[in-house]
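S.K.: From just these sequences and the hints, can you work out the full model?
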Amino acid sequence: MTSETELDVVDRTASHTDSRSARSAREVDLVGTQTNVSGREDQPPDGGYGWVCTACVFAINAHTWGVNASWGVFLAHFLSHDTFTNASNLEYALIGGLSISMSLFISPLVGVSNEKLGTRPSLFIGTALVFTSMLTASFATQIWHLFLSQGVCFGFGLGFLYITAAPTLGQWFLKKRSLAVGIASSGAGFGGLAYNLAAGAGVESLGVQWTYRLLALCTLVANLICSILLKDRNTAVKPQPRGLNNLREFGHVSVVLIISWGAFTELGYIVLLYSLPNYAQSIGLSAQQGSVVGAVLNLGLAFGRPAVGFLSDSFGRIDVATGELQNNIPRFPKLTATSHQP
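Using full-length UniProt numbering, the first residue of the sequence shown is number 1, and each one after it goes up by one.
Honestly, the hints are just simulated from the structure, not real lab data.
Watch out, some of these pointers could steer you wrong.
[Unchecked claim] Label-pair ranges, simulated between beta-carbon atoms: (1) Leu285 to Gly118: 18 to 28 Å; (2) Trp261 to Pro333: 34 to 44 Å; (3) Asp319 to Asn86: 46 to 56 Å; (4) Pro45 to Gly284: 48 to 58 Å; (5) Ile228 to Val112: 45 to 55 Å; (6) Ile228 to Gln288: 31 to 41 Å; (7) Leu206 to Thr322: 42 to 52 Å; (8) Glu266 to Ile318: 31 to 41 Å; (9) Tyr269 to Leu90: 16 to 26 Å; (10) Trp210 to Trp261: 35 to 45 Å; (11) Tyr49 to Phe303: 44 to 54 Å; (12) His145 to Gly323: 40 to 50 Å; (13) Lys175 to Gly111: 19 to 29 Å.
[Said to hold, decoys possible] SDA-like mimics (lysine to any residue), calculated; alpha carbons at most 20 Å apart, straight line: (14) Lys231 to Gly48; (15) Lys231 to Pro45; (16) Lys116 to Phe105; (17) Lys231 to Phe105; (18) Lys175 to Gly48; (19) Lys116 to Ala55; (20) Lys231 to Ser80; (21) Lys175 to Ile329; (22) Lys175 to Phe310; (23) Lys116 to Ile228; (24) Lys231 to Leu117; (25) Lys175 to Ser286; (26) Lys231 to Val112; (27) Lys175 to Ile283; (28) Lys231 to Phe315; (29) Lys175 to Phe264; (30) Lys175 to Gln326; (31) Lys175 to Gly47; (32) Lys231 to Pro44; (33) Lys175 to Arg317; (34) Lys116 to Leu98; (35) Lys231 to Ala321; (36) Lys175 to Gly300; (37) Lys175 to Ala321; (38) Lys175 to Asn89; (39) Lys116 to Lys231; (40) Lys231 to Ile183.
No residue lacks a Cβ here, since even glycine has one placed at the ideal position from N, Cα and C.
M.R.: As structure tokens, then:
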């Protein structure tokens, strides 16, 4: 009898152990399944609504950087008509420089706004600032009015829109990320093309004031629609913001190289972008022809940026950048040329 009882206890213990093991196995499978599903959800879809977001960032670039590119047309008009008496060429140039520098200077505040308020409210703030800057610029009667409106205020709006919108594409794309970023970046080129031509025609037919007001209306409508349609994936991605707590990181070689690259690139690009229409007039072209010259430069940006993105996805970013550098090295001696005779 005792042997039977012990046997029953052993059987029950074995059965309980098997049941518990099976239940644990099912729990492990369930956790593993949930982990895999979660992992799949966190992966960028590489398409889908991401292409809508790409179109939105494209349009935002067109109606911020593109509008900013038209400053060269206004600059040429102000210089040729001496609109603001006693204003120096340096003061005019400072307006364009302020718009770029302020857009980057405000980036820490934009980061705080994105974290505390979210993507969409930050975009709305940028839309309001860009609209206000263009509208108030139309009432400028002194050069410092343009400093505050088209320089500082527009730069702040540009920063809120661009710095908020651009990073969202990284949440939607992985393998096609460079292509998506290239397409979105080309919006600055297409926008510059359209706004250079529109500003040139508007200044001649409507005057500077009403041209500014029309630009303000265009930016308001386009950026407002894009702010509503653009979506981030922060809920799925759960990005962890990381500040630059160690100032010594600024001295890292890679950081110094990137900063130097950005500084020299912007120096050459911005000077050419703003001065080309005025230079065209200085060699005898009309104001309308000067705006066309600026538009052609932006046309090159419009097609070049997606091409660079596609090549970067195909061959690698470092390889493409190195190849472009090697391609430009033979052109460096031409910088010191004093004659272009064959």
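S.K.: State for each hint whether it applies.
M.R.: Taking the hints in turn, this is what the structure says about them:
no.: 1; hint: Leu285 to Gly118: 18 to 28 Å; result: violated (47 Å)
no.: 2; hint: Trp261 to Pro333: 34 to 44 Å; result: violated (22 Å)
no.: 3; hint: Asp319 to Asn86: 46 to 56 Å; result: holds (52 Å)
no.: 4; hint: Pro45 to Gly284: 48 to 58 Å; result: holds (53 Å)
no.: 5; hint: Ile228 to Val112: 45 to 55 Å; result: violated (22 Å)
no.: 6; hint: Ile228 to Gln288: 31 to 41 Å; result: holds (36 Å)
no.: 7; hint: Leu206 to Thr322: 42 to 52 Å; result: holds (47 Å)
no.: 8; hint: Glu266 to Ile318: 31 to 41 Å; result: violated (21 Å)
no.: 9; hint: Tyr269 to Leu90: 16 to 26 Å; result: holds (19 Å)
no.: 10; hint: Trp210 to Trp261: 35 to 45 Å; result: holds (40 Å)
no.: 11; hint: Tyr49 to Phe303: 44 to 54 Å; result: violated (26 Å)
no.: 12; hint: His145 to Gly323: 40 to 50 Å; result: holds (46 Å)
no.: 13; hint: Lys175 to Gly111: 19 to 29 Å; result: holds (27 Å)
no.: 14; hint: Lys231 to Gly48; result: holds (12 Å)
no.: 15; hint: Lys231 to Pro45; result: holds (14 Å)
no.: 16; hint: Lys116 to Phe105; result: holds (19 Å)
no.: 17; hint: Lys231 to Phe105; result: violated (25 Å)
no.: 18; hint: Lys175 to Gly48; result: holds (14 Å)
no.: 19; hint: Lys116 to Ala55; result: violated (26 Å)
no.: 20; hint: Lys231 to Ser80; result: violated (44 Å)
no.: 21; hint: Lys175 to Ile329; result: violated (31 Å)
no.: 22; hint: Lys175 to Phe310; result: holds (11 Å)
no.: 23; hint: Lys116 to Ile228; result: holds (18 Å)
no.: 24; hint: Lys231 to Leu117; result: holds (14 Å)
no.: 25; hint: Lys175 to Ser286; result: violated (46 Å)
no.: 26; hint: Lys231 to Val112; result: holds (18 Å)
no.: 27; hint: Lys175 to Ile283; result: violated (47 Å)
no.: 28; hint: Lys231 to Phe315; result: violated (30 Å)
no.: 29; hint: Lys175 to Phe264; result: violated (29 Å)
no.: 30; hint: Lys175 to Gln326; result: violated (26 Å)
no.: 31; hint: Lys175 to Gly47; result: holds (10 Å)
no.: 32; hint: Lys231 to Pro44; result: holds (13 Å)
no.: 33; hint: Lys175 to Arg317; result: holds (13 Å)
no.: 34; hint: Lys116 to Leu98; result: violated (27 Å)
no.: 35; hint: Lys231 to Ala321; result: violated (31 Å)
no.: 36; hint: Lys175 to Gly300; result: violated (25 Å)
no.: 37; hint: Lys175 to Ala321; result: holds (18 Å)
no.: 38; hint: Lys175 to Asn89; result: violated (46 Å)
no.: 39; hint: Lys116 to Lys231; result: holds (16 Å)
no.: 40; hint: Lys231 to Ile183; result: holds (17 Å)
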